[in-house]
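Visitor: From first to last, the protein sequence lines are chains A and B.
Using my numbering, you'd call the opening residue of the first sequence number 449 and step up by one each time.
Using my numbering, you'd call the opening residue of the second sequence number 449 and step up by one each time.
Keep in mind that a hint or two might mislead.
Stated by the list, open to error - Covered stretches of chain B (chain A as the covering partner; in silico rule of three or more C-beta atoms under 8 Å from a C-beta of chain A):
hint	segment
1	460-470
2	494-502
3	519-525
Said to hold, decoys possible - Here are a few chain A residues that sit away from chain B, every Cβ distance over 12 Å (derived from the structure):
hint	residue
4	R663
5	H721
6	L767
7	E768
8	Q799
9	T824
10	E835
Keep in mind the hints are simulated off the structure, nothing from the lab.
Bear in mind the structure is a predicted one, so any value in this text is a computation, not a measurement.
C-beta atoms are modelled at their ideal positions from N, C-alpha and C, and glycine is treated no differently.
2 protein chains.
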Amino acid sequence: MALIVQKYGGTSVGDPDRIRNVARRVVATHDEGNQVVVCVSAMSGETNQLVDLAQQLGGERPDAREYDVLVSTGEQKTIALLAMAIHQLGREARSFTGAQMGMNTDSDHTRARITEIDCTRLRATLDEGAIAVIAGFQGIDPEGNITTLGRGGSDTSAVAMACALEADVCEIYTDVDGVYTADPRVVSDARKLHSVAYEEMLEMASLGAKVLQIRSVKFAMRYGVPIHVRSSFKSDEGTWVTREEDVMERLVVSGVTHNLNEAKIRVKGVEDHPGIAGKLFKPISDAGIQIDMIVQNLSSDGATDMTFTVPRGEYKKALEIANAASGEIGATEVEGDEAIAKISIVGLGMQDHAGVAARMFTTLADEGINIQLISTSEIKVSVVIEEKYAELALRALHAEFVEDGAAEPAPE
Amino acid sequence: MALIVQKYGGTSVGDPDRIRNVARRVVATHDEGNQVVVCVSAMSGETNQLVDLAQQLGGERPDAREYDVLVSTGEQKTIALLAMAIHQLGREARSFTGAQMGMNTDSDHTRARITEIDCTRLRATLDEGAIAVIAGFQGIDPEGNITTLGRGGSDTSAVAMACALEADVCEIYTDVDGVYTADPRVVSDARKLHSVAYEEMLEMASLGAKVLQIRSVKFAMRYGVPIHVRSSFKSDEGTWVTREEDVMERLVVSGVTHNLNEAKIRVKGVEDHPGIAGKLFKPISDAGIQIDMIVQNLSSDGATDMTFTVPRGEYKKALEIANAASGEIGATEVEGDEAIAKISIVGLGMQDHAGVAARMFTTLADEGINIQLISTSEIKVSVVIEEKYAELALRALHAEFVEDGAAEPAPE
Chain A
449 MALIVQKYGG TSVGDPDRIR NVARRVVATH DEGNQVVVCV SAMSGETNQL VDLAQQLGGE
509 RPDAREYDVL VSTGEQKTIA LLAMAIHQLG REARSFTGAQ MGMNTDSDHT RARITEIDCT
569 RLRATLDEGA IAVIAGFQGI DPEGNITTLG RGGSDTSAVA MACALEADVC EIYTDVDGVY
629 TADPRVVSDA RKLHSVAYEE MLEMASLGAK VLQIRSVKFA MRYGVPIHVR SSFKSDEGTW
689 VTREEDVMER LVVSGVTHNL NEAKIRVKGV EDHPGIAGKL FKPISDAGIQ IDMIVQNLSS
749 DGATDMTFTV PRGEYKKALE IANAASGEIG ATEVEGDEAI AKISIVGLGM QDHAGVAARM
809 FTTLADEGIN IQLISTSEIK VSVVIEEKYA ELALRALHAE FVEDGAAEPA PE
Chain B
449 MALIVQKYGG TSVGDPDRIR NVARRVVATH DEGNQVVVCV SAMSGETNQL VDLAQQLGGE
509 RPDAREYDVL VSTGEQKTIA LLAMAIHQLG REARSFTGAQ MGMNTDSDHT RARITEIDCT
569 RLRATLDEGA IAVIAGFQGI DPEGNITTLG RGGSDTSAVA MACALEADVC EIYTDVDGVY
629 TADPRVVSDA RKLHSVAYEE MLEMASLGAK VLQIRSVKFA MRYGVPIHVR SSFKSDEGTW
689 VTREEDVMER LVVSGVTHNL NEAKIRVKGV EDHPGIAGKL FKPISDAGIQ IDMIVQNLSS
749 DGATDMTFTV PRGEYKKALE IANAASGEIG ATEVEGDEAI AKISIVGLGM QDHAGVAARM
809 FTTLADEGIN IQLISTSEIK VSVVIEEKYA ELALRALHAE FVEDGAAEPA PE
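Work out the full structure, taking the sequences as your base and the hints as a guide.
Guide: See the structure below:
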């Protein structure tokens with residue numbers, strides 16, 4: 449008998465028929481002799497409606513405590529409806545809100561962090577042979593206030609609960625059927641990975657692959673609970689996210705990702721002495737804008753260029769701030785470009801193979817693609833290029849590293 | 449400084465504009481130097497939508513525990529939105545679900561009874577100078593399960609909380625502006641009562657006047673908390689429901705009510721010996737049908753007629769059961785009539801004035817209205833008549849007892 453945590457997103461529970469469908473899958477898993485915990489999101493569209501109401505009554509920045517009280521009703525609806533649907537199939541089920549499932553968090557409303565999970569009630573429910581249906585995304589703070597974990601927090605709820613219960617697996621049901629070596633809409637030869645290491649998944653998630661939330665991968669990695677990403681509409685195996693030693697294929701590069709949601713800002717002729725970077729980046733991060741890549745050119749004549757990327761939605765605001773700061777840091781010019789793409793290759797295999805970055809640059813050069821920025825880590829290389837070359841670059845790198853690279857060891 | 453509990457129903461919080469309107473009233477009351485607790489229902493239409501979803505997924509009789517988890521989200525939405533709207537007006541407010549406000553109930557889901565209210569958190573909130581916004585209709589059982597008090601339970605939540613907090617008044621805001629001597633849509637001379645005794649209000653509520661839930665009046669009566677029924681759209685005083693000694697006007701009859709939602713069943717030629725009534729009424733009440741009036745005629749030749757009324761929606765079912773039972777009790781015939789009206793006069797003043805019933809019958813006879821059934825209590829007389837005479841009877845009795853009777857003592 450295994451203990452299985454399943455998580456279904458908003459699309460999978462988007463209407464009564466889909467909820468009934470989820471109920472059937474849950475019951476099938478239960479009837480195979482497993483203990484089952486199901487974690488659900490709000491029905492698709494529901495959260496947006498609630499957020500809209502919040503803005504109508506609470507303005508641009510509604511009170512955070514009350515915002516959590518409001519949006520947590522979305523998941524509460526789904527758990528009750530799913531439990532009812534399971535009852536209709538003749539099985540015992542019990543729903544749990546964040547408070548009821550012992551999902552203790554800090555008091556940082558709208559983006560609370562899980563502090564401790566008391567799964568006494570959940571265990572008792574499972575021991576009675578009932579299915580536990582838990583609300584994703586929500587918790588309770590030490591004073592009994594309702595909290596939420598922030599957007600996409602349902603993945604985190606499911607994985608954290610799987611860790612607390614020492615579950616055998618956490619299955620994440622979604623509208624894609626696994627993790628691919630590249631976006632299959634762009635690269636027709638992209639293939640589904642059987643398994644991928646936590647560390648690789650973390651990089652891919654942070655690079656824009658939207659299959660799993662970063663926080664949920666971190667939880668699973670820390671506690672060693674395998675995640676199985678699979679389709680809510682098919683019964684095929686999906687992709688296992690697991691420890692490096694449990695990954696069956698040994699690829700140099702597991703995935704090639706692209707991200708079209710960044711923009712680039714270049715500040716020219718900055719005085720090259722200590723404290724300058726802080727004067728430029730502090731006001732930007734104070735404005736809540738997340739800076740991704742930062743590259744500083746070699747200095748000549750005591751001046752340097754500084755280039756960085758920000759989310760495209762924050763581009764205008766970041767450009768204004770950079771312009772405002774330019775006087776103080778002695779910059780000669782500030783220029784920006786929204787038409788960029790960030791292309792990355794990710795793989796644990798890179799650690800053992802020198803020259804992967806060089807091979808990446810050569811591949812792009814062979815296609816006549818100019819590289820604007822480079823950023824590397826132990827297991828990934830990212831480059832910024834002109835947006836119009838994004839698909840070409842993705843296909844070329846996929847062919848080089850995944851289609852060919854999987855068959856033969858990468859050249860040293 | 450007074451402690452005021454205000455309750456707003458679903459229509460009063462039916463859309464964002466109305467919620468803002470309620471926020472303004474609440475803030476005005478707070479700014480006059482009062483401590484304020486606001487109890488709200490779900491936005492109008494919301495509960496029906498949730499009930500519809502429950503039936504789609506849980507069938508005719510959805511699991512009661514999960515039903516409560518589902519429908520309680522309606523009020524949870526409203527408390528968060530109202531608290532946000534109050535914040536927008538620059539005042540502190542905090543929302544409370546059933547669990548958070550310490551509304552402890554038994555475990556009888558969908559119709560739980562309040563067992564104890566722990567108002568520690570609410571008091572602390574009020575002592576900080578903040579406004580407490582509480583969800584009507586919901587509570588928590590000893591195991592931490594969400595419960596609901598049944599339809600209309602928000603009145604009960606508000607009044608029970610007012611009692612627990614020893615509030616100075618519980619204001620019930622509704623779409624009528626008070627308690628009238630008769631339904632003003634029927635009797636144009638009906639007038640709003642300044643005050644009415646708990647006992648009278650209880651009779652009126654049980655006779656079909658829909659201003660207040662019976663349970664809430666019982667609570668207020670037990671703890672001596674005055675209820676002030678008033679309009680959410682006007683600022684005029686409404687009607688005070690209070691102790692007899694605090695009622696300012698001394699009327700023989702405070703209200704004339706009519707109820708068109710009952711039907712009559714007559715079982716003829718029943719054997720007149722002990723146990724017969726039980727054999728007839730037990731199966732009817734076992735079917736969950738509430739019997740209102742029961743009248744047994746004088747026996748002749750060892751047989752008797754038994755007549756009773758049931759809610760019109762249950763008429764067909766009750767008639768079937770009565771027919772099925774008729775053999776066993778030796779009845780010669782079962783007949784029914786849906787086209788009836790129950791007309792009642794209610795007033796504490798009746799206790800001191802003999803002849804009120806006789807005067808009622810005379811008034812009806814003068815209009816040529818035949819009385820089919822009579823039922824009396826200390827402070828009310830009800831009669832069943834043909835439905836088509838309902839309005840005529842109401843106006844005649846109102847003229848006799850309220851318009852004239854208020855000015856002069858009733859004849860002995």
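Visitor: All hints are to be evaluated individually against the structure, with a verdict given for each.
Guide: Going through the hints against the structure:
no.	hint	verdict
1	460-470	holds (count 3)
2	494-502	holds (count 3)
3	519-525	holds (count 4)
4	R663	holds (25 Å)
5	H721	holds (46 Å)
6	L767	holds (32 Å)
7	E768	holds (28 Å)
8	Q799	holds (49 Å)
9	T824	holds (46 Å)
10	E835	holds (40 Å)
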